[in-house]
Amino acid sequence: MRTTSNYKQRLPRKFYITNWRIEAPEIRVLDSKGDQIGVMTRQEALNRAQTESLDLVLIAEHAKPPVAKLIDFKKFMYQEEKKLKEARKGIKKGVVKDIKLSLFIGPADLERLLNRGIEFLKEGNQLRLNLGLRGREMGKTKMAFDLINGCIAKLGEVNVAKPPKLEGRVVRAVVARKK
0 MRTTSNYKQR
10 LPRKFYITNW
20 RIEAPEIRVL
30 DSKGDQIGVM
40 TRQEALNRAQ
50 TESLDLVLIA
60 EHAKPPVAKL
70 IDFKKFMYQE
80 EKKLKEARKG
90 IKKGVVKDIK
100 LSLFIGPADL
110 ERLLNRGIEF
120 LKEGNQLRLN
130 LGLRGREMGK
140 TKMAFDLING
150 CIAKLGEVNV
160 AKPPKLEGRV
170 VRAVVARKK
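Numbered per numbering that gives the first Met the number 0, the sequence shown spans residues 0 to 178.
One should not assume that every hint holds.
[Claimed, not checked] Quick list of simulated restraints, FRET-style, between CB atoms:
hint: 1; residue 1: ILE98; residue 2: ASP71; range: 46 to 56 Å
hint: 2; residue 1: LYS161; residue 2: GLU110; range: 18 to 28 Å
hint: 3; residue 1: GLY37; residue 2: TYR77; range: 23 to 33 Å
hint: 4; residue 1: ASP97; residue 2: PRO24; range: 58 to 68 Å
hint: 5; residue 1: LYS96; residue 2: ASP145; range: 53 to 63 Å
hint: 6; residue 1: VAL159; residue 2: GLY138; range: 47 to 57 Å
hint: 7; residue 1: ALA62; residue 2: LYS82; range: 47 to 57 Å
hint: 8; residue 1: LYS82; residue 2: HIS61; range: 18 to 28 Å
hint: 9; residue 1: ALA152; residue 2: PHE72; range: 17 to 27 Å
hint: 10; residue 1: HIS61; residue 2: ILE98; range: 40 to 50 Å
hint: 11; residue 1: GLU110; residue 2: PRO162; range: 21 to 31 Å
hint: 12; residue 1: LYS161; residue 2: ALA62; range: 16 to 26 Å
[To be verified] Below are the SDA-like pairs computed for lysine to any residue, each with C-alpha atoms no more than 25 Å apart in a straight line:
hint: 13; residue 1: LYS73; residue 2: ALA48
hint: 14; residue 1: LYS139; residue 2: VAL173
hint: 15; residue 1: LYS177; residue 2: ILE117
hint: 16; residue 1: LYS74; residue 2: PHE103
hint: 17; residue 1: LYS161; residue 2: PHE103
hint: 18; residue 1: LYS84; residue 2: ALA175
hint: 19; residue 1: LYS139; residue 2: LYS178
hint: 20; residue 1: LYS96; residue 2: ALA107
hint: 21; residue 1: LYS13; residue 2: LEU69
hint: 22; residue 1: LYS141; residue 2: ASP108
hint: 23; residue 1: LYS84; residue 2: THR17
hint: 24; residue 1: LYS32; residue 2: TRP19
hint: 25; residue 1: LYS178; residue 2: GLU85
hint: 26; residue 1: LYS99; residue 2: MET142
hint: 27; residue 1: LYS141; residue 2: ASN158
hint: 28; residue 1: LYS178; residue 2: ASN114
hint: 29; residue 1: LYS141; residue 2: ARG171
Honestly, the hints are just simulated from the structure, not real lab data. Note that the Cβ used here is the ideal one computed from N, Cα and C, for glycine as well.
Model the full structure from these sequences, guided by the hints.
Written out as structure tokens, the structure reads:
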């Protein structure tokens, strides 16, 4: 079985219907600036696009009549790719750091772990709080949730990316720094 973890994951590209692939008999046509030219037949729109050496790109196919735009398609795709890359730059691939807790942790140990968690958050990482339950501790899930919620409160102003939830024998919560 082949895994894809070593390969660069590609985002699905948006498919645009262009020129002669447009099947609608009547089309509302916009120019490259977005100003409305009017409603015309498919052949008239294609002729106009050809005379201006531009492409006819279907923008809203479910509208009545469908809307198409006269643009240079390669330039349009280049700009769309640039917008997508710019949007991805803003998203930080934050590493998720783990902190393991136990139900009967001492106050000094808890303080030490929470200080380390605050450092992780200041670095821009997300913080996952894991509280493992063993044996009879499974009967004390309310106590576990209280401990996790208390830890989140002690971390200061944070966004709770994933609220505390019991997953098997572990109560997990994910928090991130407020921006």
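### Task
Please write out, lowest number first, the hints stated earlier that are contradicted by the structure.
Structure breaks hints 5, 6, 7, 9, 12, 16, 19.
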